[in-house]
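A.B. asks: As a plain string of letters, each chain reads:
2 protein chains.
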Amino acid sequence: MRLISLLLIIFMSFSAHANIGDMPEEQQLAMQYIKAYTDHDFRSLRHFYNRDSVFFDKTANVKYTGTRHIIEFLTRAHEGVLEYRLNIEHMFNNGSIVVIIGSYRLRGPGDQYGKPGRIIDIAVPGVTTLKFDMGTRRIIEHMDLMDYQTMADQLESQ
Amino acid sequence: MRLISLLLIIFMSFSAHANIGDMPEEQQLAMQYIKAYTDHDFRSLRHFYNRDSVFFDKTANVKYTGTRHIIEFLTRAHEGVLEYRLNIEHMFNNGSIVVIIGSYRLRGPGDQYGKPGRIIDIAVPGVTTLKFDMGTRRIIEHMDLMDYQTMADQLESQ
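Chains as they are written, first to last, in the working numbering: chain A, 1 to 158; chain B, 1001 to 1158.
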């Protein structure tokens, strides 16, 4: 099971990278945003938000509005993280709404996850939906749906 | 690629069915709802909605509120459909929010899809998010994210 998923992810990641120039403009913008987001590149990330941008984790019912609050939250959430990556399994868009299905790989200190002093390594399945204003190339809404049960199961064994 | 996806779907479907009793209550309720929804069982479906229930296709930006409007829309949308099924690839929940990643298989008359007089057979990747009121077991929000580009590509070749 795990092997098939892995093969699938590798295959999909490869084909996604191979054809990046052929992607719809909205998906290319989404890839640039996700790169800044997972690289903790807050300088680039700022240019994707404005005062009306919304960051919404629908599964956790957590919402932040505006560049400053979103960046503050991400700075806190990503603190000390060694590696953060989104393995894309499927991506599609309808106009300026881009949907990314995949899993977030996170390696870092376990302090925020009830594992102080340990390095944790988890892969959390999730769906990220990005709604852009294509005129200004800013995020109107970043919405996450995350499989926190799988995350908890993985943490338990670490 | 197609074969691996198919194997994945079969495996997931099987394991989902095998363990239905072990599922969290919210996911069991989601399965009952999806069954009524894909079976066009409007009698059962009515019991899942109330006047505040929202049906929201975020990708198409279409929203209906209340039992009557939702049922009217679904009656129209499902008219004449011969087969409608959701192949679940991954399902998870956080409390009363259930997220289902999979693809909707639809076989039916092509009249609504620009193929009058033909029978079409498509599988549309999508994410369905259900938010329940677990007290009343009603839908607060049914939100769809659908890969309409893949749907259009499949329709083109039929």
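These are computed hints drawn from the structure, not numbers from a lab.
Treat the hints with caution; some may be incorrect.
Stated by the list, open to error - Only pairs whose alpha carbons sit at most 25 Å apart, straight line, appear in this in silico DSS-like list of lysine-lysine:
{"#": "1", "chain 1": "B", "residue 1": "K1035", "chain 2": "B", "residue 2": "K1063"}
{"#": "2", "chain 1": "A", "residue 1": "K63", "chain 2": "B", "residue 2": "K1035"}
{"#": "3", "chain 1": "A", "residue 1": "K63", "chain 2": "B", "residue 2": "K1058"}
{"#": "4", "chain 1": "A", "residue 1": "K131", "chain 2": "A", "residue 2": "K58"}
{"#": "5", "chain 1": "B", "residue 1": "K1063", "chain 2": "A", "residue 2": "K63"}
{"#": "6", "chain 1": "A", "residue 1": "K35", "chain 2": "A", "residue 2": "K131"}
{"#": "7", "chain 1": "A", "residue 1": "K131", "chain 2": "B", "residue 2": "K1131"}
{"#": "8", "chain 1": "B", "residue 1": "K1058", "chain 2": "A", "residue 2": "K131"}
{"#": "9", "chain 1": "A", "residue 1": "K58", "chain 2": "B", "residue 2": "K1115"}
To be verified - Label-pair restraints from in silico Cβ distances:
{"#": "10", "chain 1": "B", "residue 1": "G1114", "chain 2": "A", "residue 2": "Q112", "range": "31 to 41 Å"}
{"#": "11", "chain 1": "A", "residue 1": "L74", "chain 2": "B", "residue 2": "R1051", "range": "22 to 32 Å"}
{"#": "12", "chain 1": "B", "residue 1": "E1072", "chain 2": "A", "residue 2": "L82", "range": "34 to 44 Å"}
Think of the CB as a built atom: it goes at the ideal place given N, C-alpha and C, for glycine as much as any other residue.
A.B. asks: So which hints don't hold here, by number, going up?
C.D. replies: Violated: hints 2, 9, 10, 11, 12.
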